[in-house]
Amino acid sequence: MLSSAIIAVSSKTASRTPPNFSSLLTFFLLLLALVPLRTSADDNALEDAARQLAEKIAAIPNLHGPVRLEITDDPNSIAVDLSWKDMLREELEKHHLAVTGDNTAQLLHVFVSKTPAQLVFTATTRVADREEVRILAIPRAALALSSPPAAGLRIEKQLLFQSSDRIIDVSAQPESTGGMDVLIAKAGELLALRLDSAGAIKQIIAFPSASVRVGRDFRAELSSPGGNSAAVLPAKICEFSWSGASSEVKCRAAKASWRAPTQISSPCAPAKWKLLSGENDWTAADQLRLVADGEAQPEASAAFSGFPGPILSINARQNPSSALLVTQNLRTGNYEVYKITLVCVN
Amino acid sequence: MRCTKSRSFASISAALLLLCPAKSALAAKRPRYGGTLRVELHATSISLDPRQWKPGSLATAENEKLAALVYDRLISLDEFGKFHPALATEWSHDADGKIWQFKLRTGVKFSDGSALTPSDVLASLQNELPPGTQIATSESGMVIRSTHPNSDLLLQLATGNSFIYRAERKGVLLGTGPFYVSEMSPAPGTESLALAPAKSARLRFRANEETWSGRPFLNSIEVTLGVPQLHQLLDLQLGKADLVEVAPDLVRKARQENLRIWSSSPNTLLALRFDDKQPAPGDARLRQALSLSLERETMANVLLQRQAEPAASLLPQWLSGYAFLFDSPADLQLAKEMRLSLPANFAAGKDPLRMRLGASGDLMKLLGERVALNARQANIMVQLLPHAPELVEGGPTSTNAPSPDLHLIAWHYETISPNRELEALVSQLHLQENAEGAHAGEAGQSNDQPYDRLYERERHFIEDRRILPLVILPEYAGLGVNVRNWLPASWGEWRLADVWLEPNEKVSTLQDGDAAKNPAKLPAAGVRP
Numbered sequence: 001m002l003s004s005a006i007i008a009v010s011s012k013t014a015s016r017t018p019p020n021f022s023s024l025l026t027f028f029l030l031l032l033a034l035v036p037l038r039t040s041a042d043d044n045a046l047e048d049a050a051r052q053l054a055e056k057i058a059a060i061p062n063l064h065g066p067v068r069l070e071i072t073d074d075p076n077s078i079a080v081d082l083s084w085k086d087m088l089r090e091e092l093e094k095h096h097l098a099v100t101g102d103n104t105a106q107l108l109h110v111f112v113s114k115t116p117a118q119l120v121f122t123a124t125t126r127v128a129d130r131e132e133v134r135i136l137a138i139p140r141a142a143l144a145l146s147s148p149p150a151a152g153l154r155i156e157k158q159l160l161f162q163s164s165d166r167i168i169d170v171s172a173q174p175e176s177t178g179g180m181d182v183l184i185a186k187a188g189e190l191l192a193l194r195l196d197s198a199g200a201i202k203q204i205i206a207f208p209s210a211s212v213r214v215g216r217d218f219r220a221e222l223s224s225p226g227g228n229s230a231a232v233l234p235a236k237i238c239e240f241s242w243s244g245a246s247s248e249v250k251c252r253a254a255k256a257s258w259r260a261p262t263q264i265s266s267p268c269a270p271a272k273w274k275l276l277s278g279e280n281d282w283t284a285a286d287q288l289r290l291v292a293d294g295e296a297q298p299e300a301s302a303a304f305s306g307f308p309g310p311i312l313s314i315n316a317r318q319n320p321s322s323a324l325l326v327t328q329n330l331r332t333g334n335y336e337v338y339k340i341t342l343v344c345v346n
Numbered sequence: 001m002r003c004t005k006s007r008s009f010a011s012i013s014a015a016l017l018l019l020c021p022a023k024s025a026l027a028a029k030r031p032r033y034g035g036t037l038r039v040e041l042h043a044t045s046i047s048l049d050p051r052q053w054k055p056g057s058l059a060t061a062e063n064e065k066l067a068a069l070v071y072d073r074l075i076s077l078d079e080f081g082k083f084h085p086a087l088a089t090e091w092s093h094d095a096d097g098k099i100w101q102f103k104l105r106t107g108v109k110f111s112d113g114s115a116l117t118p119s120d121v122l123a124s125l126q127n128e129l130p131p132g133t134q135i136a137t138s139e140s141g142m143v144i145r146s147t148h149p150n151s152d153l154l155l156q157l158a159t160g161n162s163f164i165y166r167a168e169r170k171g172v173l174l175g176t177g178p179f180y181v182s183e184m185s186p187a188p189g190t191e192s193l194a195l196a197p198a199k200s201a202r203l204r205f206r207a208n209e210e211t212w213s214g215r216p217f218l219n220s221i222e223v224t225l226g227v228p229q230l231h232q233l234l235d236l237q238l239g240k241a242d243l244v245e246v247a248p249d250l251v252r253k254a255r256q257e258n259l260r261i262w263s264s265s266p267n268t269l270l271a272l273r274f275d276d277k278q279p280a281p282g283d284a285r286l287r288q289a290l291s292l293s294l295e296r297e298t299m300a301n302v303l304l305q306r307q308a309e310p311a312a313s314l315l316p317q318w319l320s321g322y323a324f325l326f327d328s329p330a331d332l333q334l335a336k337e338m339r340l341s342l343p344a345n346f347a348a349g350k351d352p353l354r355m356r357l358g359a360s361g362d363l364m365k366l367l368g369e370r371v372a373l374n375a376r377q378a379n380i381m382v383q384l385l386p387h388a389p390e391l392v393e394g395g396p397t398s399t400n401a402p403s404p405d406l407h408l409i410a411w412h413y414e415t416i417s418p419n420r421e422l423e424a425l426v427s428q429l430h431l432q433e434n435a436e437g438a439h440a441g442e443a444g445q446s447n448d449q450p451y452d453r454l455y456e457r458e459r460h461f462i463e464d465r466r467i468l469p470l471v472i473l474p475e476y477a478g479l480g481v482n483v484r485n486w487l488p489a490s491w492g493e494w495r496l497a498d499v500w501l502e503p504n505e506k507v508s509t510l511q512d513g514d515a516a517k518n519p520a521k522l523p524a525a526g527v528r529p
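The listed protein sequences derive, respectively, from chains A and B.
Anchor point for the first sequence: position 70 equals 70 in the numbering used here, and the numbering is continuous, going up by one each time.
Anchor point for the second sequence: position 52 equals 52 in the numbering used here, and the numbering is continuous, going up by one each time.
Bear in mind the hints are in silico, worked out from the structure with no lab data behind them.
Built from N, CA and C at the ideal position, the CB exists for glycine as well.
Treat the hints with care, since some could be wrong.
[Stated by the list, open to error] In silico contact screen, one side only, chain B against chain A (beta carbon under 8 Å); selected entries:
#, residue
1, 45
2, 85
3, 155
4, 326
5, 328
[Unchecked claim] Covered by chain A, according to a simulated footprint, are these stretches of chain B (three or more residues, beta-carbon under 8 Å):
#, stretch
6, 64-76
7, 293-305
[What the hints assert, rightly or not] Partial pick of chain B residues on the chain A-facing surface, computed with a CB cut under 8 Å:
#, residue
8, 117
9, 119
10, 213
11, 319
12, 322
13, 325
14, 455
15, 486
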């Protein structure tokens, strides 16, 4: 069995191989790492847990059913919803253990608890004056991907992409394909990903580890000077091309020119709007504020929208009617990309 | 984000990150590099040598916090249950979970500039792995082999004393972590980095510019040892300290003073351990009677002002996930009945149980007195013996000291591996396993249901009642108003490499209007319920 981290290739070892092979290898390994993110990993892990737990419960001597199933979710745990109860019921019934709503039936109580690395399912039932306990633990990391986007009233947001690797910046593709380019840090290496409109990875460019060192507070922004692709880094600019056969990245010293505050236009008002985030550190969830451009008082926000973590980057450079925003979900630890648009509410 | 003065750093990249961003921040506030974090600790001595640490002791918890500044582990675990590469960049295991391979990060250097090698990892870990586990170097890293499936290995390597270091000739240990020890006052002996107990001992940690994980935001961390906890709180209020420990009995007061207080998951168990060498505890009825007399809810909610939780298990809920299955309600009537069934030589007042406090401090004394009070209500006499640091908790006792029948012990959970913690408790407290419990332990190592077996094993110890859990305490820390990015692990690791400090001028208004100008508001000494 491979851990997910095994997919994180060390940049230092990869740099010994020819660049093209290195990029290809990184591409395939990254695909392996990210493909599960695109599938319903949560469902699979929970389905597996339901199957294994049902097997354990069904093996309890002299437990014949029907049983009344109750599930208690630790308030600190990742919520196990009604669908999981259905999954467990189905699995129990596969083992000929009927589940009923009858209050007089034998109680089968399943508790779900969270530990630092695991989700622990504890099933208890009483069989002939004996308390039977069966416990199943599964890695929490397998369940840490679900985070449905919350609905906004005036700032509408849509979750487009998520990754367990650190997303540094994101940019809409200039070709209006609906796709986006993403800068991520993976195992100390900086990678640029080109995604299509469905979020599938089409191309990966690895930045040379000798030129780019991803630190604790690494800052980088995607840019497109003169139609070329580039990443602006502290005191450096690295240029590359998505279209060429070569995926070579050329870095040179340059004064960092960071993006100005993000402006976004509204479909029903001629004014330009600024998107501003809060001034929290990385421990707190941020609110995105919509402020009329030219408004001297940033407190005079026209709309707010909450995010599940600190807002790390906002970019509307390629498309004035929408912006892309990067946040780290403080509940799951995943980095998430949202598309922000303004919706007129009358 | 406000514009701050840039400071010169050795690292050009770090200095460039100081460049002032535009007033209108694009995103969450970026960290600020620089400054010294002032930490105060109650401990009078610190050892940064993991080889000297005693599992489960409160001193080890303090040592580990500071050692994490200097050393790295192979992997780390985040708050979301995900393991991340640290000194190991990749890992894999065979289908049975008996053979684990770790690939070591290349280019990592110790604070003296020398390169990390697989031999350093081997030397650091070979005495820390559980019995039946062997570690060897491989072409690109390490191989760890176990005689049984080792599903907990990553948990063990990500926490506790699984630090990687290099022992130099004079006993000095080098690390690859975000800081290095730059100053010790008084200077350590030549044998180890352990500081001798001394008044106002200080340690200074400096940022390691070359660390593989990226330079920490702070320039340095200054740790003052031996500061009484009430003084720590005063220093925090007066802005003389940025991070202090807060005793449980001061938490309520500190919160009333609007101080920033952080608490971990409950990570210190206070329990009674019967001494197996004494005749009295051999009687199961006495153990049960004492257990039934203990009002754990009152201890947690009244005595400790809701800053603790009643404990009925050896492993807490957040660590095992199943602790709610255990229950130890007080039943004074039943306790009295059990007491009456005991032999006559345990008649009230004639032959009291002697209870040794296993650690110093008001809290232990307070809890010991409450245990004695509860026991007396069930007609069991308990005599308190003061803490004797030279005696090992639960272990052999000195011939000169009165032999205790009971020890009031404090156990700090060092790792987040429930298997490892239960094993350490059993081993350090010399808990005897009956045949059923031993069978559960062995079966847990060999079959594919380790969690069921872990529970069965713990249940045997609880039902045997040679150890009686009382309460479980979180640890508390007080934070200065200028401390940012405080992202500790819920199980107690401080993670100071990610902390940064807001410039003083920005927060001075908060302090000016608060405790700094109002010493009358400072908490009184000896806060008790």
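Evaluation of the provided hints:
Because the smallest distance between the Cβ of residue 45/B and any Cβ of chain A comes to about 29 Å, over 8 Å, the interface hint for this residue is violated. Annotation: interface hint on residue 85/B holds; nearest CB of chain A at approximately 5 Å, less than 8 Å. Taking 8 Å as the C-beta cut-off, the interface hint given for residue 155/B holds, the closest approach to chain A being about 6 Å. Evaluation of the residue 326/B hint against chain A yields a violated restraint, the C-beta minimum of about 11 Å exceeding 8 Å.
Annotation: interface hint on residue 328/B violated; nearest CB of chain A at approximately 16 Å, more than 8 Å. Residues of the stretch 64-76 of chain B lying with their CB closer than 8 Å to a CB of chain A number 1, which falls below the three-residue condition for coverage. With 0 residues carrying a beta carbon less than 8 Å from a beta carbon of chain A, the stretch 293-305 of chain B misses the three-residue requirement, and the given coverage is violated. Violation of the interface hint for residue 117/B is found here, the shortest Cβ-Cβ separation to chain A being roughly 15 Å, above the 8 Å cut-off.
Interface restraint check: residue 119/B against chain A, minimum CB-CB distance 19 Å, threshold 8 Å, status violated. Hint status for residue 213/B relative to chain A: holds, with the closest Cβ pair at about 7 Å, below 8 Å. Evaluation of the residue 319/B hint against chain A yields a held restraint, the C-beta minimum of about 6 Å falling below 8 Å. With 8 Å as the threshold, the beta carbon of residue 322/B comes within range of chain A, its nearest partner Cβ sitting at about 5 Å, so the hint holds.
Checking residue 325/B against chain A by beta carbon gives a least distance of about 6 Å; that is within 8 Å, so the hint holds. Given the 8 Å rule on beta carbons, the hint for residue 455/B holds: about 6 Å separates it from the nearest Cβ of chain A. Given the 8 Å rule on beta carbons, the hint for residue 486/B holds: about 6 Å separates it from the nearest Cβ of chain A.
In the structure shown, a violation is registered for the earlier hints numbered 1, 4, 5, 6, 7, 8, 9, in ascending order.
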